Amino acid sequence: MSELEYVGKSVLRKDGPDKVTGGAIYTVDVHLPGMLAGRILRSPHPHARILGIDTSRAERVSGVKAGLRAAAGCFRSDGRHAGRRA
Amino acid sequence: MKMLIELCVNGDSYEVAVEPQTTLAECLREHLGLTGTKEACGTGECGSCTVLADSRPIVSCLVLAADCQGMEITTIEGLAPKGVLTALQEEFVKRGAVQCGFCTPGMILSSAALLKETSTPTDAKIRKALEGNLCRCTGYNKIIEAVRGAAERLSGERDGEAGQ
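Chains as they are written, first to last, in my numbering: chain A, 1 to 86; chain B, 1001 to 1164.
Do not take every clue at face value.
[Unchecked claim] Using 35 angstroms as the maximum straight-line C-alpha spacing, the simulated DSBU-like pairs for lysine-lysine come out as follows: (1) B:K1082 with A:K14; (2) B:K1128 with B:K1094; (3) A:K65 with B:K1082; (4) B:K1125 with B:K1082; (5) B:K1142 with B:K1128; (6) B:K1142 with A:K65; (7) A:K14 with B:K1094; (8) B:K1116 with A:K9; (9) B:K1116 with B:K1082; (10) B:K1125 with A:K9; (11) B:K1125 with B:K1142; (12) B:K1116 with B:K1094; (13) A:K14 with B:K1116; (14) A:K14 with B:K1002; (15) A:K65 with B:K1002; (16) B:K1142 with B:K1116; (17) A:K14 with B:K1125; (18) B:K1128 with A:K65; (19) B:K1002 with A:K9; (20) B:K1082 with B:K1094; (21) A:K14 with B:K1128; (22) B:K1082 with B:K1128; (23) B:K1125 with B:K1094; (24) B:K1082 with B:K1142; (25) B:K1116 with B:K1128; (26) B:K1142 with B:K1094.
[Claimed, not checked] Chain A stretches covered by chain B per the calculated footprint, using a threshold of three residues with CB under 8 angstroms from any CB of chain B: (27) 3-15; (28) 45-57.
Calculated from the structure, these hints are not laboratory results.
Please read these numbers as outputs of a predicted model, since none were measured by experiment.
Even for Gly, the Cβ is constructed at its ideal location relative to N, Cα and C.
One chain only, chain B, in its complex shape (with noise of 0.2 angstroms):
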């Protein structure tokens, strides 16, 4: 039986009628359309689905969709809604970290998650938030290279703001 549920995804108000049983991933890839939330091993191992549920990372397919009611969900679409790459994304781009794209978007919430707690973190502490997410293409240190990449660039707009 069909329950109508109420989501915040990305800033937008959906009503969705859902299944109980409906995922999260399942809810915004087949009833909201936002395919950009990938979904490869369906039991919470693999971290493509990772998305954000108040600024925490969470595996979409193991979490239900309506149980995400009342909370802020923000997808990859909703990192750069105007277009404009965050430093996060274009730091995957320019230093190789993208390559079949799969495990993309989930290791860019988690490493969003991790940056907005800290824009200094160690490697060890950029390892331990990625951790979750599995690439099998690229070897994951230009992962780890791009998000470090990333938090030096917003640390460094951090210290400008400071300065003046």
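Isolated chain A (complex conformation) (with noise of 0.2 angstroms):
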């Protein structure tokens, strides 16, 4: 039988250095042109039944692109319907 190359011995992992030295990149890393970014609100209560999401304060904030929600569609700063998620 062929000697294996890889079984039974140890391996460096080939990100090791750059992760060793800052030079790995993840995603919250990386910048796109005209990336927006998103910011998750949760319930402060578990198992509560959501009755409604006033973002009305979220909208007016400058620079506020869109707001979107799980349950009842979403929102966007220009007042438009931005689509809707079961």
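Using the hints, build the complex out of the two chains.
Below you can see the structure in the form of structure tokens.
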């Protein structure tokens, strides 16, 4: 039987040097032109029923482009409805 | 309102316009593009944003950039600037102390501060030095082995020099 190349041997991980020098790029390190940043608002109460979310103040914050709600669709800062999700 | 501050990072001088509330982590990552410094919790609990300030480890998410003027800041990018890994970095790779790698810069900088203080740390001292750095991959044993391995190499080198 021909000798196995990797099995039974200690193999250095390929991304090791990048990760110990800070060179490894993670998604959070990526900036693309026109990229928007999102923020998730979670319920402070476990098992709570969400009866409504008032997004009007968030909409008024300068630079806010859109708000997404899982249950009831989403809002955009220009007031147009931007789609619906189940 | 932005303010102009002067920072010394990895031996280079930078003039940066920051808000008074800009953290050092944000300044390093967003203003200087040094994304090797990782920010996870943003509340000083996880240690992934650890950098060295005058050789002492600090969590850069809790420190204001403006307060770091006049300090020598070292980030993970500054540890092996010429691309030649330090013994500590080599040991992390060799001993499987790196998995996802997100905690690694902080782990290595906290360890580097310890090894600068002593090249013969006990395991208790290593654990103490890393108590502020959380890792969710490795289970810590390999990280501690890597620091121990680096310490042995460094003290060996020192013994070698002393014997010459």
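Check your understanding: If you check each hint against the structure, which ones fail?
Key -> Violated hints: 3, 6, 14, 18, 19, 28; rest satisfied.
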